[in-house]
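Enquirer: Chains as they are written, first to last, in the numbering used here: chain A, 1 to 255; chain B, 256 to 397.
To be clear, the hints were calculated from the coordinates, so they are not data collected in a lab. If a hint is listed, it holds; no wrong ones were tucked in.
Lysine-lysine pairs mimicking DSSO-like chemistry, simulated, CA-CA at most 30 Å apart:
hint, chain 1, residue 1, chain 2, residue 2
1, A, K159, B, K278
2, B, K278, A, K224
3, A, K231, B, K278
4, A, K203, B, K306
5, B, K308, B, K339
6, A, K159, B, K306
7, B, K314, A, K231
8, B, K278, A, K203
9, B, K360, B, K278
10, A, K98, B, K278
11, A, K159, B, K308
To be clear about the criterion: a stretch of chain B counts as covered by chain A if any three or more of its residues have a C-beta under 8 Å from a C-beta of chain A, and this derived list gives those stretches:
hint, segment
12, 265-273
13, 278-287
Where a beta carbon is used, it is the ideal one built from N, C-alpha and C, also for glycine.
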Amino acid sequence: MYYYVFESPKGSKEKKLQEKIKNLLGDFGIIGEVTSASPARSSEELVGQGLEKGYSTIVAVGSDRHIHRVLSSVVGASQKDVALGVVPTSEKSLVAQKLNLKNLKEAAEALRGRHLITPSLAYVLPNRYLLTSASISSLRPFEIYLEVDNWSTTSYVTKVTITGELNVTLVNEAFAPAKLKHFTYWFLGKKVRDLSQSIFHGKTVRMTTSQILPLISDGEVIAKTPLTCYKKLNALKLIAPRAKVEQGEKNSPKS
Amino acid sequence: MTAKPEETGTIVGASVHLTGSLKDSLDIVVYGSVEGEVESEQNIVVGESAKIKGPVTAKVVTVSGTVRGQVTAHEKLEIMPGGKVSGNIVTSDLVIHSGAIFNGKASMGKEKEEEAEEKITKRSVTQEEKETKEELSYEPET
Numbered sequence: 001m002y003y004y005v006f007e008s009p010k011g012s013k014e015k016k017l018q019e020k021i022k023n024l025l026g027d028f029g030i031i032g033e034v035t036s037a038s039p040a041r042s043s044e045e046l047v048g049q050g051l052e053k054g055y056s057t058i059v060a061v062g063s064d065r066h067i068h069r070v071l072s073s074v075v076g077a078s079q080k081d082v083a084l085g086v087v088p089t090s091e092k093s094l095v096a097q098k099l100n101l102k103n104l105k106e107a108a109e110a111l112r113g114r115h116l117i118t119p120s121l122a123y124v125l126p127n128r129y130l131l132t133s134a135s136i137s138s139l140r141p142f143e144i145y146l147e148v149d150n151w152s153t154t155s156y157v158t159k160v161t162i163t164g165e166l167n168v169t170l171v172n173e174a175f176a177p178a179k180l181k182h183f184t185y186w187f188l189g190k191k192v193r194d195l196s197q198s199i200f201h202g203k204t205v206r207m208t209t210s211q212i213l214p215l216i217s218d219g220e221v222i223a224k225t226p227l228t229c230y231k232k233l234n235a236l237k238l239i240a241p242r243a244k245v246e247q248g249e250k251n252s253p254k255s
Numbered sequence: 256m257t258a259k260p261e262e263t264g265t266i267v268g269a270s271v272h273l274t275g276s277l278k279d280s281l282d283i284v285v286y287g288s289v290e291g292e293v294e295s296e297q298n299i300v301v302g303e304s305a306k307i308k309g310p311v312t313a314k315v316v317t318v319s320g321t322v323r324g325q326v327t328a329h330e331k332l333e334i335m336p337g338g339k340v341s342g343n344i345v346t347s348d349l350v351i352h353s354g355a356i357f358n359g360k361a362s363m364g365k366e367k368e369e370e371a372e373e374k375i376t377k378r379s380v381t382q383e384e385k386e387t388k389e390e391l392s393y394e395p396e397t
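With the sequences and hints as input, model every part of the structure.
Expert: What follows is the structure in structure tokens.
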């Protein structure tokens, strides 16, 4: 049985969309207990109630922000037999892109199929898990001190992005190739080297900036610098479409 | 175009100065500066603006910038025009382009070392034999 945690609707348009989703889930035969977050009950509390009732599948229905809150609660509960399903409702949902879900129907089909993958997550202290990405950005370059595993670096950047796989991207727009250069190289059939971007991988990332800056994911501040992130493997069972499962199985390390 | 991390490996941008041991199972591309060890299971590219102070180890290493330290390239090392390597190199395939600078010792693998030693030994033996014959055939003027 599925336990659905809907995001608190912000207007009549979202209410209609949620009704449409409920009807769709009913048509697919996967309707279960439906709850809705509200000022009285947060999505985290609802997840806790669902886990106490013994549900083995929690489904987050809403924006990426809501999905991440539900995800963090599910993973934080450390119950290994619980799977998370998602129905992204945002137009430019990064979760939908990651799982290759093009519409609500595909999301419902994935839930019905219940194929599981175990994506890596970035754990951002103190209590947030990241499936997609979060970033720190500023119009002016800021100094950053970054420690990744066995090395460290100091640099001036305008944007830092952290992904669920704990890939860290640093960008300094001052070093980015000018648009005219892009056009000229494109005209000549050459590739422009972008020296402004750095990409690192690691299992542990610590970040300190010259000023306190927010780490923002889905429009929400999830942490502030200085911050620490860890890569978490096999912390989440996520319901995904079959094609993604096959790719995930190919990419998963063989024991 | 933004590079995808899972396809690209590690990239050290031009504005980055990195200290410590940098290791990756995928390619490493350096445009900035690194003080410490750089190791890849695949390829390492040292860009024109890059400066590395420390050992560099990979299958294939391409140097267009500056490296101070030992370079170990299990398959191939290529020093491009403008590239500088100050330190010993260990590789089985070495290409040094015109305009490149290399200061150090080069080791080209154990088999090739043994072949080189054999050649040197043969040359010495041949030279000795020649000298001996010349001595025997020499007739002082009377």
